[in-house]
Every structure is written in structure tokens, then in C-alpha cells.
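K.L.:
Sequence:
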Amino acid sequence: MRSPLTDELNKITTLSRLRRYQYFMKEVAINKEVWTLYKGHWAINYASGYQLFPLWPNESFALACAIQNWQQFKPIKFSLDILLTDVIEMLDKHLLFPCIFDTPFEQGSVINTQLLKDDLLNVP
Numbered sequence: 001m002r003s004p005l006t007d008e009l010n011k012i013t014t015l016s017r018l019r020r021y022q023y024f025m026k027e028v029a030i031n032k033e034v035w036t037l038y039k040g041h042w043a044i045n046y047a048s049g050y051q052l053f054p055l056w057p058n059e060s061f062a063l064a065c066a067i068q069n070w071q072q073f074k075p076i077k078f079s080l081d082i083l084l085t086d087v088i089e090m091l092d093k094h095l096l097f098p099c100i101f102d103t104p105f106e107q108g109s110v111i112n113t114q115l116l117k118d119d120l121l122n123v124p
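Taken in order, the sequence shown gives residues 1 to 124; the numbers are from our numbering.
Quick caveat, the hints were computed from the structure, so don't treat them as lab data.
Check each hint, because a few of them may be wrong.
Unchecked claim - Derived PhoX-like pairs: lysine-lysine, alpha-carbon spacing no greater than 20 Å straight-line:
no., residue 1, residue 2
1, 77, 32
2, 93, 117
3, 39, 26
4, 39, 11
5, 26, 74
To be verified - Simulated restraints, written as ranges between beta carbons of each label pair:
no., residue 1, residue 2, range
6, 68, 122, 33 to 41 Å
7, 110, 26, 17 to 25 Å
8, 8, 32, 33 to 41 Å
9, 121, 67, 29 to 37 Å
10, 77, 122, 29 to 37 Å
11, 74, 10, 16 to 24 Å
12, 7, 95, 32 to 40 Å
13, 6, 121, 27 to 35 Å
14, 47, 76, 28 to 36 Å
15, 14, 40, 31 to 39 Å
16, 121, 71, 33 to 41 Å
17, 93, 6, 19 to 27 Å
18, 122, 67, 15 to 23 Å
19, 6, 106, 16 to 24 Å
Since this is a predicted model, take the numbers as computed values, not measurements.
Glycine is no exception: its CB is placed at the ideal position from the N, C-alpha and C atoms.
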């Protein structure tokens with residue numbers, strides 16, 4: 001797995017939501033894995049009455065967001081195959097929306113599970 005250097009991490013986290021979403025798709029297609037945070041339960045965010053399940057393309061980005069309420073959470077990795085089957089099924093069952101690539105300063109892109117699946121299966 002490629003891990004961004006600190007300078008690259010800082011540069012990428014300042015990109016717009018759309019650019020971070022595109023970066024996420026590219027990196028997940030290359031590395032075949034995604035990251036989230038866990039501590040006996042999943043890290044969940046809330047926005048506009050929705051429960052959001054954060055996903056990152058790399059452990060370094062997940063660690064960068066393990067702050068404040070998520071300070072004790074640890075990064076956990078899913079293979080792309082597990083994401084596309086078990087994780088998406090869990091998200092649908094619990095009415096959680098994927099939140100792609102939060103940063104410590106800005107919420108990521110909130111999408112539905114079908115769009116996540118379609119985009120991941122159709123990365124150029």
C-alpha cells in the first residue's frame with residue numbers, strides 16, 4: 001500500500017470535496033482497500049439528521065481524523081471486495097450513508113451506497 005508523505009497528506013486534505021472524492025476512487029481502485037475508524041463500535045458522524053459512515057483511501061488519512069470524539073478510535077481496513085459486499089450491506093441495513101474522505105477541517109462527500117458501489121466498479 002502506498003502511504004502519502006506528510007506534505008502530500010496536507011496537500012490532499014486541502015483539496016475540494018469533489019477532488020478528494022476522485023482521489024479516493026483512484027486510490028481505492030489501485031490499492032483495493034478502504035479505511036474507517038473503530039473502537040468497539042464504528043466511528044459515526046451526523047449531518048442533517050443522517051448517520052454517516054466515514055471512509056478513507058489510506059490509513060494515514062483515517063489517523064488524521066482520529067481526533068476529538070474519535071480520539072480513541074483506531075483505523076481498520078476493509079478489502080474492496082468486503083466493502084462492496086458486507087460493508088455496503090451493513091450500511092444499508094443500519095441506514096448509514098458513506099461519507100467519503102473527511103478531513104480534520106471538513107466533512108467529506110455524503111453519497112448513497114449504490115453510487116459508491118457504481119463508482120468503485122467503474123473507475124477508469
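K.L.:
For the range 16 to 24 Å, tell me whether the beta carbons of residue 74 and residue 10 fit it or not.
P.N.:
holds (22 Å)
K.L.:
Cβ-Cβ distance between residue 93 and residue 6: within 19 to 27 Å?
P.N.:
violated (38 Å)
K.L.:
Quick check on a hinted range of 31 to 39 Å for residue 14 and residue 40, using CB atoms only.
P.N.:
With Cβ atoms ~32 Å apart, the hint holds.
K.L.:
Is it true that residue 121 and residue 67 lie within 29 to 37 Å of each other by Cβ?
P.N.:
At 32 Å between Cβs, range holds.
K.L.:
In this structure, is the beta-carbon distance linking residue 7 and residue 95 contained in 32 to 40 Å?
P.N.:
holds (38 Å)
K.L.:
Given the range 27 to 35 Å, decide if the beta-carbon distance of residue 6 to residue 121 lies inside it.
P.N.:
holds (32 Å)
K.L.:
CA of residue 26 to CA of residue 74, is that 20 Å or under?
P.N.:
Outside the cut-off at roughly 24 Å; violated.
K.L.:
Under the criterion that the straight-line Cα-Cα distance not exceed 20 Å, is the pair residue 39, residue 26 satisfied?
P.N.:
violated (28 Å)
K.L.:
For the pair supplied as a hint, residue 77 and residue 32, confirm whether the alpha-carbon distance does not exceed 20 Å.
P.N.:
Distance of about 10 Å is within 20 Å: holds.
K.L.:
Measuring from beta carbon to beta carbon, are residue 47 and residue 76 in 28 to 36 Å?
P.N.:
violated (22 Å)
K.L.:
Starting from the range 17 to 25 Å, see whether the pair residue 110 and residue 26 falls in it by beta-carbon distance.
P.N.:
holds (20 Å)
K.L.:
Given the range 15 to 23 Å, decide if the beta-carbon distance of residue 122 to residue 67 lies inside it.
P.N.:
Violated: the Cβ-Cβ distance is about 33 Å, outside 15 to 23 Å.
Consistency note: the structure conflicts with the earlier hints numbered 3, 4, 5, 8, 10, 14, 17 and 18.
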